[in-house]
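Using the sequences provided together with the hints, build the complete structure.
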Amino acid sequence: MYRQIKITPVLVSLLLLGTVSLSACSNNSNNGSTGNAAQPTSAAASQPADEDKYASLPKEISASIYDRGQVATGEGSYEDNRWTKYINENSGVKVNWVPIPRNQEADKFNVLIASDQAPDMMTTFNRDFIVRWAGEGAIQPLDEYIEKYSTTYKKYLEEHPELKPYLTLEDGKTYAIASLRPTRANTALFIRQDWLDKLGLAMPKSVDELIEVAKAFRDNDPDGNGQKDTIPMAMSTAYTAITDDWFMARSAAWFVEDGKLVQSFFTERYKDALAFRQLAYKENLVDKEFATDKEFSRQKQLWTTGRSGIYFSNLNMDNTINDLRKNNPDAKLAAVPPLATKYGTNGYEVEVPNHLLTAFNKNMKNPKAAMEFIDWMLDTGWEPLTYGTEGVHYQMENGIPVTTDYDKWKTEVGYASEYRVVQQEQYTPDYLLTRAGDNQDDLDMAKLKNAIIKFSETYTFRKDIPYIPPVAEYSSIAGQFETKWKEINTRMAMGNQTPDEAVEELRKAWNSLDGDSVTAKVQAWYDANKDKLK
96 MYRQIKITPV LVSLLLLGTV SLSACSNNSN NGSTGNAAQP TSAAASQPAD
146 EDKYASLPKE ISASIYDRGQ VATGEGSYED NRWTKYINEN SGVKVNWVPI
196 PRNQEADKFN VLIASDQAPD MMTTFNRDFI VRWAGEGAIQ PLDEYIEKYS
246 TTYKKYLEEH PELKPYLTLE DGKTYAIASL RPTRANTALF IRQDWLDKLG
296 LAMPKSVDEL IEVAKAFRDN DPDGNGQKDT IPMAMSTAYT AITDDWFMAR
346 SAAWFVEDGK LVQSFFTERY KDALAFRQLA YKENLVDKEF ATDKEFSRQK
396 QLWTTGRSGI YFSNLNMDNT INDLRKNNPD AKLAAVPPLA TKYGTNGYEV
446 EVPNHLLTAF NKNMKNPKAA MEFIDWMLDT GWEPLTYGTE GVHYQMENGI
496 PVTTDYDKWK TEVGYASEYR VVQQEQYTPD YLLTRAGDNQ DDLDMAKLKN
546 AIIKFSETYT FRKDIPYIPP VAEYSSIAGQ FETKWKEINT RMAMGNQTPD
596 EAVEELRKAW NSLDGDSVTA KVQAWYDANK DKLK
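Residues in the sequence shown are numbered consecutively from 96, following our numbering.
If you're looking for bench data, these hints aren't it; they were derived computationally from the structure. Backbone N, C-alpha and C fix where the C-beta goes; we use that ideal spot for every residue, glycine too. A portion of the hints provided could be inaccurate.
For lysine to aspartate or glutamate, the following DMTMM-like pairs were computed, each having C-alpha atoms within a straight-line distance of at most 20 Å [what the hints assert, rightly or not]:
id: 1; residue 1: Lys-627; residue 2: Glu-200
id: 2; residue 1: Lys-558; residue 2: Glu-200
id: 3; residue 1: Lys-558; residue 2: Asp-622
id: 4; residue 1: Lys-259; residue 2: Glu-446
id: 5; residue 1: Lys-366; residue 2: Asp-353
id: 6; residue 1: Lys-259; residue 2: Asp-238
id: 7; residue 1: Lys-377; residue 2: Asp-303
id: 8; residue 1: Lys-629; residue 2: Asp-353
id: 9; residue 1: Lys-625; residue 2: Glu-265
id: 10; residue 1: Lys-250; residue 2: Glu-265
id: 11; residue 1: Lys-503; residue 2: Asp-418
id: 12; residue 1: Lys-581; residue 2: Glu-200
Simulated DEER-style distance windows between Cβ atoms [unchecked claim]:
id: 13; residue 1: Ser-607; residue 2: Asn-414; range: 38 to 44 Å
id: 14; residue 1: Asp-175; residue 2: Ala-567; range: 25 to 31 Å
id: 15; residue 1: Met-491; residue 2: Pro-260; range: 32 to 38 Å
id: 16; residue 1: Thr-553; residue 2: Ala-150; range: 48 to 54 Å
Structure below.
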């Protein structure tokens, strides 16, 4: 069920004139100086001040935030905007934000940690980072802080024990804070239904049928511009993942084959994924310039301008589809069901239950303030960062905020979700459809999302182990190997190398990193923990 939004003075008083001014008083405040900050009510909170070593420290922390380049010029920067002011004025904690470019995350964190300049709170989607940081001694266990200084998050974690395995490492200690994802559905494939209808084509049910549809788009001028300029398939970061998943061979994933852990690269299934990407390139089903389109901006343009009719994407594609609709209001879209191969039908990716993972720097000065910030964010702080302000960005219908002006919301609120280190938004069919309001484009988008979520609930997604093996030897070489396998993948797709030859090259690259020894250690970890992974 969706969580009903609580209307607080914070939501009502938020002013949107380039900066944010919020009333210092609130029904949820304990005093005028702390705003809505959650105040600890645990045993630690009742201790005398001389027993609380953090009581005299400033309530100030630093925190990382993903920089996706989404802050409009008039809004400021990721470090300073209406929402950073809202957080500082209402959480009771001053937060200094450190932007981390999303596509340079590993390198940026490595530099910050090595130079002892990492922020107090480091947030990532990658559990392997948490494992590595803990192994390096860069972060610290959180169990004591949660027990002593948290109320809201502590209760939330008790209510959602499914999160614990993803936050706890091999020593049994908790190293990350997280809330549930709004949905576990992730990747998706969209198609121009109006193009299918125009050419008299059925929705593809298999990878082979998708290839035939793509060829028909390539050859039959589905956009009617009189030119043979259609590039059937447009990519995003999801392209390799989806094409791997068709064949149950996600790059870098470990699979259980006859009781043994094997990396996807070294299965027969992976060769078929490589072969598909090579065929797509040779048959002009994808953009010939994809290798240089590092940010996928050209791919997005192909889709939004109507030059491509199949888009490899993920669930949250609102901006991309809105841009397409602006250029072509008559475009009709559909979500492509999971496609069959000779291995069966594998579902689209179903994510782990946790959303962002937040770790505490070993050198954090005031973990109590950090926990108070987490409690406030999880309680009510996340809501304006998701919906904006009532009467300005949304109106309430049946307890659900309905966006009233998408363009205004996109500019002024769209980037704010990056600050939600924890949140309680949950996608359900009723929630998504009500959120869409009466706008037909928004309703269509809600229906697409519901279809994707339904796919995730109907089709099984093969994932033999729930997370990356927390083996230090593997973590230490995974980044180097990733650089190599991505390079081999791209070169093979654009060249004449056979799948067998590409896999042999992958094997040599793995062995050059002492891969066999690492595989043995990963296997030992699996043998010792497999009963807990079910």
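Here's how the hints hold up against the structure:
About 30 Å separates the Cα atoms of Lys-627 and Glu-200, which puts this hinted pair outside 20 Å; it is violated. Taken as a hint, the Lys-558 and Glu-200 pair is broken in the structure, with Cα atoms around 24 Å apart against an allowance of 20 Å. About 17 Å separates the Cα atoms of Lys-558 and Asp-622, which keeps this hinted pair within 20 Å; it holds. For the hint linking Lys-259 to Glu-446, the alpha-carbon distance of about 15 Å falls within 20 Å, and the restraint holds.
With a C-alpha separation of about 19 Å, the suggested pairing of Lys-366 with Asp-353 holds against the 20 Å cut-off. Taken as a hint, the Lys-259 and Asp-238 pair is honoured in the structure, with Cα atoms around 11 Å apart against an allowance of 20 Å. Taking the CA atoms of Lys-377 and Asp-303, the gap is about 16 Å. The hint holds against a cut of 20 Å. Using a Cα cut-off of 20 Å, the hinted pair Lys-629 and Asp-353 holds, with the two alpha carbons roughly 16 Å apart.
For the suggested pair Lys-625 and Glu-265, the alpha carbons sit about 13 Å apart, so the restraint of at most 20 Å is met. As the CA atoms of Lys-250 and Glu-265 are separated by approximately 23 Å, the hinted pair breaks the 20 Å bound. For the hint linking Lys-503 to Asp-418, the alpha-carbon distance of about 14 Å falls within 20 Å, and the restraint holds. Taken as a hint, the Lys-581 and Glu-200 pair is honoured in the structure, with Cα atoms around 17 Å apart against an allowance of 20 Å.
Look at Ser-607 against Asn-414: about 41 Å separates their beta carbons, and that is inside 38 to 44 Å. Between Asp-175 and Ala-567 the beta carbon distance is about 38 Å. The supplied range of 25 to 31 Å is therefore violated. Between Met-491 and Pro-260 the C-beta distance comes to about 37 Å, which sits within the given range of 32 to 38 Å. At roughly 53 Å, the beta-carbon separation of Thr-553 and Ala-150 lies within the given 48 to 54 Å, and the hint holds.
In the structure shown, a violation is registered for the earlier hints numbered 1, 2, 10 and 14, in ascending order.
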